[in-house]
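From first to last, the protein sequence lines stand for chains A and B. Going by our numbering, the residue at position 158 of the first sequence is 152; the numbering climbs one at a time, nothing skipped. Going by our numbering, the residue at position 193 of the second sequence is 187; the numbering climbs one at a time, nothing skipped.
Bear in mind the hints are in silico, worked out from the structure with no lab data behind them. All C-beta atoms, glycine included, are put in the ideal place defined by N, C-alpha and C. Keep in mind that a hint or two might mislead.
To be verified - Okay, derived cross-link-like pairs now, DSSO-like style, lysine-lysine, Cα gap no bigger than 27 Å in a straight line:
| # | chain 1 | residue 1 | chain 2 | residue 2 |
| --- | --- | --- | --- | --- |
| 1 | A | K172 | B | K236 |
| 2 | A | K291 | B | K(-2) |
| 3 | B | K100 | B | K64 |
| 4 | A | K241 | B | K64 |
| 5 | A | K236 | A | K172 |
| 6 | B | K72 | B | K159 |
| 7 | A | K259 | B | K172 |
| 8 | A | K241 | A | K293 |
| 9 | A | K259 | A | K293 |
| 10 | A | K259 | A | K236 |
| 11 | A | K236 | B | K241 |
| 12 | A | K259 | B | K96 |
| 13 | A | K173 | A | K100 |
| 14 | A | K291 | B | K100 |
| 15 | B | K241 | A | K173 |
| 16 | A | K159 | A | K236 |
| 17 | A | K172 | A | K100 |
| 18 | B | K123 | A | K259 |
| 19 | A | K173 | B | K259 |
| 20 | B | K64 | A | K259 |
| 21 | B | K123 | B | K72 |
| 22 | B | K159 | B | K100 |
| 23 | B | K172 | B | K159 |
| 24 | B | K291 | A | K293 |
| 25 | B | K259 | A | K236 |
| 26 | B | K173 | A | K241 |
| 27 | A | K96 | A | K159 |
| 28 | B | K241 | A | K259 |
| 29 | B | K293 | B | K173 |
| 30 | A | K293 | B | K100 |
| 31 | B | K123 | B | K96 |
| 32 | B | K123 | B | K100 |
| 33 | B | K259 | A | K291 |
| 34 | B | K123 | B | K172 |
As the list claims (entries may be wrong) - Anything over 12 Å on all C-beta distances counts as not near chain A; from chain B, calculated:
| # | residue |
| --- | --- |
| 35 | T9 |
| 36 | I137 |
| 37 | E174 |
| 38 | V195 |
| 39 | K224 |
Given next are the chains, with one letter for each unit.
Number of protein chains: 2
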Amino acid sequence: MAAKPTKIAVIGSGTIGLSFAALHLSRNTSCTVVIFDSRPDLQEYVSNNISGYLVDTDQISCIERISFAKTIEEAVEKADIVQEQGPETADFKIGIWPEIEKHAPKEALFWSSTSGIPASDQSRDMMDKSRLVVVHPYNPPHIMPLLEVVRSPATSDDVIERTLKYWRDIGRTPVEVKKECVGFVANRLAFALLREASSLVSQGVVGVEELDDIVCASMGPRWTVAGPFKSYHAGGGEGGLKSFMEKIGGTIQNCWDASDEDIRKGNIRVGESWQADICRQAAAAYGMADTAERDRKTKNVLDVVQKR
Amino acid sequence: MAAKPTKIAVIGSGTIGLSFAALHLSRNTSCTVVIFDSRPDLQEYVSNNISGYLVDTDQISCIERISFAKTIEEAVEKADIVQEQGPETADFKIGIWPEIEKHAPKEALFWSSTSGIPASDQSRDMMDKSRLVVVHPYNPPHIMPLLEVVRSPATSDDVIERTLKYWRDIGRTPVEVKKECVGFVANRLAFALLREASSLVSQGVVGVEELDDIVCASMGPRWTVAGPFKSYHAGGGEGGLKSFMEKIGGTIQNCWDASDEDIRKGNIRVGESWQADICRQAAAAYGMADTAERDRKTKNVLDVVQKR
């Protein structure tokens, strides 16, 4: 990175903001982070909560590189990166970028953590729409390596390249998403599996807990090591994915057809009757979730695969 | 298990048969395995190939507990477990079970490794249909912990319980599937995600390799530690999955609707035009797959999560 310490302005101090702040501070040991949020107790709130995100790192060295801004202008002046995770409304985001643009350096990268409002909407009133790109994490970003870098048609290649480089340099997995689409990629994939899971549970094929056990003992570890295409490419032997599709294609289509029919018959739409039973089963099986234990275990899993 | 060594008859010596044989021998150190297959070079073939499946174990002690049978009768006499992975046709399986039933002890467990022919079809000509259950692995079974124990309406509770106990006792993850359905559960889930992945790649949103990177850096590790329901239950905070669905449900339904439309528009059916490009991308990205490296990494991942 630059010779001077990278200055990162974090706009919004919710759980995603704090998680990103902790990620930058722990992985990019020369950066400084300035946090802006309109909440009146910002400094006290961050001080009380940031240490939960600073795992396996020198907390003191991280915390002493945090500062706070009272205005957007103060936050973004001289910033190298402005990372926004404010309220998830188009109005808020459309309103804030022209203000950020006015006060930030010309070269600063502008990233929105939105899970669904594309850069082409958010940049509507910007002078230079080529500067904005969505950098959508898979929560929580201080644990999970993925960043979906979702470009708008206006986003410049230079912004994409510098964004990818930043994340790669600190050991994360940024992936360029070339077209804006509903839900971006990771959630689309996960929700497709969730719908199938909900459909099978609602038919009584397995319960919520059994379904989770199935995934943890099969696709989870498989897809940690190799994604679905690479896995099925291996499944096809010497002929790769092509052979796999030739051999197993009929079975796959039968499954897809059965899925469509079951989803239609079961009326697997959000808010319909299947939902209450599945939520009840989840509450009975899991009670109050322990995300700290989950995050610790996930970190151990990632340490294994990311070791070269 | 029983005081005398458990005798396991493995019917069919393809890759799944050898993988199961290796699993039994390495995890159940007092068992003996007898292999039956109609291939003339059976003994030589097994001797040449079994060691690839016997990883991190005392190979000599495993191999000396293997024997070979020249007939079904010889294989299954005095067997405690008969595990079938012969040709994947209904005719073969319907034909073999009455013969096995005739020669095996009354208490022997009968397991089919089929990925799609339900026990209710396979047991058509059996005297006692309650004895048969599908035990479907997630390949390869000597690595992956999942066994889908798919009962037919006739399968007895006793058979289910003894089957689940056997696998739990040797540290695997057997899950009872209560209703026979097309593709069972694991493949249905994986293929649902595969369809969505294929749809997004075919639209040019991301490439094959980027899609795999997304999964490996997000859902893979997440679902290794907690399945989809448990993950979203945690995502809902104190209110669990119910809160999650209330907060995010609208987004989920939007994604499902977009998926349906994209799949329809892209004609994402097996054998249609999207398929060739995706297979080409996979071949270019991955060449010849190295399953040994994949299996070694997967084992390391599983060691982390299965440590108590």
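For the pair we were handed, B:K241 and A:K259, check the Cα-Cα distance against 27 Å. 25 Å, holds
Need the status of pair B:K172, B:K159: alpha-carbon distance at most 27 Å? It holds: about 17 Å lies between the C-alpha atoms, which stays within 27 Å.
Regarding the assertion that B:V195 does not contact chain A, is the least Cβ-Cβ distance greater than 12 Å? 8 Å, violated
Holds or violated: A:K291 to B:K100, with C-alpha atoms at most 27 Å apart: Not satisfied, since the Cα-Cα distance of roughly 44 Å exceeds 27 Å.
Is the Cα-Cα distance between A:K259 and A:K293 27 Å or less? 40 Å, violated
Does B:K241 pair with A:K173 here, judged by a C-alpha cut-off of 27 Å? 26 Å, holds
Holds or violated: are the alpha carbons of B:K291 and A:K293 at most 27 Å from each other? Measuring from Cα to Cα gives roughly 15 Å; hence the hint holds.
CA of B:K159 to CA of B:K100, is that 27 Å or under? With Cα atoms ~19 Å apart, B:K159 and B:K100 stay inside 27 Å; holds.
CA of A:K236 to CA of A:K172, is that 27 Å or under? 25 Å, holds
Mind checking the alpha carbons of A:K259 and B:K172 for me, to see if they're no more than 27 Å apart? 19 Å, holds
Keeping to a limit of 27 Å between CA atoms, is the pair of B:K173 and A:K241 held or broken? 26 Å, holds
For the pair we were handed, A:K96 and A:K159, check the Cα-Cα distance against 27 Å. Roughly 25 Å between the alpha carbons, so the hint for A:K96 and A:K159 holds.
This entry does not satisfy hints 1, 2, 4, 8, 9, 10, 11, 12, 14, 16, 18, 20, 29, 30, 33, 35, 36, 37, 38 and 39, going by the numbered hints stated previously.
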